[in-house]
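Position chain B relative to chain A; hints supplied.
Protein chains: 2
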Amino acid sequence: MQCEGSIIIMATLSYTKDQMNSRIDELQKKYDEFKSRGLKLDMSRGKPSPEQLDLTMGLLDCVNTRDGYTSKDSFDTRNYGLNDGLPEVKAIFAPILGVDESQIIVGGNSSLNMMFDFIAMAFSRGLLGQQPWALQGGVKFLCPSPGYDRHFAVTEYFGIELITVDMTPTGPDMEQVERYVSDPMVKGIWCVPVYSNPEGIIYSDDTVRRLAGLSAAAPDFCIMWDNAYSLHHLYNTDHSILNLYDEAKLRGNEDRVVMFASTSKISFPGAGVAAMAASPAIIAEVRRRMSFQTIGYDKINMLRHARFFRDFEGVLSHMKLHAAVLRPRFETVLKTLETNLGGKGIAEWNSPQGGYFISINLLDGCAKETVRLLKEAGVVMTPAGATYPYGKDPRDRNIRIAPTYPPLAELQLAIELFCITAELVCLKTYLNR
Amino acid sequence: MQCEGSIIIMATLSYTKDQMNSRIDELQKKYDEFKSRGLKLDMSRGKPSPEQLDLTMGLLDCVNTRDGYTSKDSFDTRNYGLNDGLPEVKAIFAPILGVDESQIIVGGNSSLNMMFDFIAMAFSRGLLGQQPWALQGGVKFLCPSPGYDRHFAVTEYFGIELITVDMTPTGPDMEQVERYVSDPMVKGIWCVPVYSNPEGIIYSDDTVRRLAGLSAAAPDFCIMWDNAYSLHHLYNTDHSILNLYDEAKLRGNEDRVVMFASTSKISFPGAGVAAMAASPAIIAEVRRRMSFQTIGYDKINMLRHARFFRDFEGVLSHMKLHAAVLRPRFETVLKTLETNLGGKGIAEWNSPQGGYFISINLLDGCAKETVRLLKEAGVVMTPAGATYPYGKDPRDRNIRIAPTYPPLAELQLAIELFCITAELVCLKTYLNR
Chain A
217 MQCEGSIIIM
227 ATLSYTKDQM
237 NSRIDELQKK
247 YDEFKSRGLK
257 LDMSRGKPSP
267 EQLDLTMGLL
277 DCVNTRDGYT
287 SKDSFDTRNY
297 GLNDGLPEVK
307 AIFAPILGVD
317 ESQIIVGGNS
327 SLNMMFDFIA
337 MAFSRGLLGQ
347 QPWALQGGVK
357 FLCPSPGYDR
367 HFAVTEYFGI
377 ELITVDMTPT
387 GPDMEQVERY
397 VSDPMVKGIW
407 CVPVYSNPEG
417 IIYSDDTVRR
427 LAGLSAAAPD
437 FCIMWDNAYS
447 LHHLYNTDHS
457 ILNLYDEAKL
467 RGNEDRVVMF
477 ASTSKISFPG
487 AGVAAMAASP
497 AIIAEVRRRM
507 SFQTIGYDKI
517 NMLRHARFFR
527 DFEGVLSHMK
537 LHAAVLRPRF
547 ETVLKTLETN
557 LGGKGIAEWN
567 SPQGGYFISI
577 NLLDGCAKET
587 VRLLKEAGVV
597 MTPAGATYPY
607 GKDPRDRNIR
617 IAPTYPPLAE
627 LQLAIELFCI
637 TAELVCLKTY
647 LNR
Chain B
217 MQCEGSIIIM
227 ATLSYTKDQM
237 NSRIDELQKK
247 YDEFKSRGLK
257 LDMSRGKPSP
267 EQLDLTMGLL
277 DCVNTRDGYT
287 SKDSFDTRNY
297 GLNDGLPEVK
307 AIFAPILGVD
317 ESQIIVGGNS
327 SLNMMFDFIA
337 MAFSRGLLGQ
347 QPWALQGGVK
357 FLCPSPGYDR
367 HFAVTEYFGI
377 ELITVDMTPT
387 GPDMEQVERY
397 VSDPMVKGIW
407 CVPVYSNPEG
417 IIYSDDTVRR
427 LAGLSAAAPD
437 FCIMWDNAYS
447 LHHLYNTDHS
457 ILNLYDEAKL
467 RGNEDRVVMF
477 ASTSKISFPG
487 AGVAAMAASP
497 AIIAEVRRRM
507 SFQTIGYDKI
517 NMLRHARFFR
527 DFEGVLSHMK
537 LHAAVLRPRF
547 ETVLKTLETN
557 LGGKGIAEWN
567 SPQGGYFISI
577 NLLDGCAKET
587 VRLLKEAGVV
597 MTPAGATYPY
607 GKDPRDRNIR
617 IAPTYPPLAE
627 LQLAIELFCI
637 TAELVCLKTY
647 LNR
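Heads up: the protein sequence lines correspond to chains A and B, in order. Each residue of the first sequence is one higher than the one before, counting from 217 in my numbering. Each residue of the second sequence is one higher than the one before, counting from 217 in my numbering.
Incorrect hints may have been included.
If chains are identical, the list can't say which one is meant, so a pair holds when it fits in one copy or spans any two.
[Stated by the list, open to error] As a list, the in silico SDA-like pairs of lysine to any residue whose alpha-carbon atoms are at most 20 Å apart:
| hint | residue 1 | residue 2 |
| --- | --- | --- |
| 1 | 256 | 386 |
| 2 | 288 | 266 |
| 3 | 245 | 504 |
| 4 | 584 | 497 |
| 5 | 465 | 344 |
| 6 | 256 | 290 |
| 7 | 288 | 496 |
FYI, nobody ran anything at the bench for these hints, they're computed from the structure.
Looking at chain A on its own, in the form it has when it is part of the complex (with noise of 0.2 Å):
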């Protein structure tokens, strides 16, 4: 069931007060038993498992005393030098992000860590010789919601507004986003194109045309484009969408483009390498800004990455092993919701083809008290309210589930007592009403 932003009609408005309080003691008392088991599960982040990190285990072996530290033209990693990254790496970053290896730049292990980097450059010396957005003041971006926490978030800290764009099952309502940036002051949007964070939206044809052709008034007007997930499909089937920058250069508007990418989901989260690609005028301001800050990021994990992977159909093949591992968990959790809370009209969700997450809708005002109640019982969820900008979901009713980390068995449990949670919260707020 995907969510659509639809109004839920409770099935269960069918019964009497009495069928439903009778419901409620009960779902109260497999609560309370629950929670006497004194459980410690954590679903709050998209954290891959110890079997999805022990896939690559071959990394951490792979640049050693015997075979050496040098790079494909005989580069020693081990020392300064090559400020923008390995070239083979840049060769395996190309196909992924869909530019030429000349308008990447290999960062250190975080892509989070390099759209900060942009938007602190943007606010600090301002793009394309537009005035810094520190001068400029009141400043705004385009927080399609639900939405990655962590993105509104790096806007938020440079004090910048965040305007909420609803989602759709095509990518944010661009009929939206096309009103919002005639305004000069819009200065950007925030996307994850594949798989989004959480609903696992992947953006269409239409919607990335449209993007790439925005009349935006803002000359220093940004696509912040996480692909985060482009490949991270769970099933055969490739979701690989229309090539962003392509579409945005046939319409003269390349530069707006920047794109990131990181293997945190593909090799170790806290020991990967992380890629940005942008416009040829874009990765000029940005190596610039890099000359100033740092004198090249860790070469020596960047060769362990080319020599694990050796190139793109090396990713591909590795994120096959990811598929097998992660498929069990989202379908366990599928299938325990659509048992549990399917039909009964108290919430909605979607079924991701990739991606981390699974995103559900409860009844409007239900969200904050299942996620509380559930931290009570030792579950611990992605706070409710944490996809919308400020934290602050208007009609508090969404919840991401990150099934990834959790044990299959363990995941189990958290999600059978989180249907018990949801309904029995839902149940008391409808008869309260």
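Using the frame of chain A, we list chain B on its own:
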């Protein structure tokens, strides 16, 4: 011979004009001969030699599939978490920086990046509740010179006005510093307190105490204390200095002190670990920024360092191995300078007891031309002037020699050519006055 900003008196002043012209011819011939050899030597950056990097090769092997990836307290370093660093690496940096472990943040592979981010934080968000520097406007920073070009560049990037402060054999000229800080727009000072870059100066106790007790008008004044070379002794004498943090705390000024260190010149420049230390209040502000900026730095690489060095003592004994590689290089340069330029009254230089550089002052107006001619003959030096704010040495006399990278034989050649070129330029300049 320690540089003290004295005015060089040409000993060759006693030459007749003919004698001087014949010496110039002789030097020109030697220079041309060197030039014809097509040398390719680089003495431009403080870059460890491959010989030094070989000392740390064990680092590549000590986190592997066999020995695992968990920290002492069983943390899985492959995954997200531990935003401010692995405890065992904090324990190594605590005695290096002279503070409690709780005041340490371990970062990525670059302390320069941590300094940049700190200045960026002050610029965009402000320090200790003060207005962001971006909004205060007209912010200034003190730059003891000759100093480290990349420090000055960080502040220059943010449009901060750089004020040159003279260096003395005991550190920055504190009378000048004390005068400047009465201006509330002067927000800080760059310091390399042990084996300063480039002069190898060690701050005296008096300098440290006066820095700790400055009557700074700015409530958001910060001392950027880059202790890059604190363990980098060339000889057996440990030239550790007074603890600035303790001295500042005694005077209630601890929130002004921000200290940095890294293993770039202990393990690998391209894949080391950096750290910073400051007061609890400042560390809390940096941690907060980091919670927006990243989900944590590379903890596997931190674990490698913890395992390879074990503890602070392990780092100290490792530094003796570096010293053994570096001593002959420094001594070669100093001996060649003494043999070829000693007593001629055209140059003065320091004899550092540690660090990465030898700083030389030529006759006024001779540095740029010397560096230019050296480049033409295939020897790349740090650009003349780089050791001063905006790359402008007011007397055009200082040149930074970085003797660490070239093999000994090449270094010998390069320094011989340096002496020939420097004398040639000085004599010509003198004659043309």
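Status of the hints after comparison with the structure:
{"no.": "1", "hint": "256 to 386", "verdict": "neither (36 Å within a copy, 58 Å between copies)"}
{"no.": "2", "hint": "288 to 266", "verdict": "between (31 Å within a copy, 18 Å between copies)"}
{"no.": "3", "hint": "245 to 504", "verdict": "neither (62 Å within a copy, 41 Å between copies)"}
{"no.": "4", "hint": "584 to 497", "verdict": "neither (45 Å within a copy, 32 Å between copies)"}
{"no.": "5", "hint": "465 to 344", "verdict": "within (16 Å within a copy, 44 Å between copies)"}
{"no.": "6", "hint": "256 to 290", "verdict": "between (49 Å within a copy, 18 Å between copies)"}
{"no.": "7", "hint": "288 to 496", "verdict": "neither (25 Å within a copy, 45 Å between copies)"}
Violated hints, in rising order: 1, 3, 4, 7; the structure is consistent with all others.
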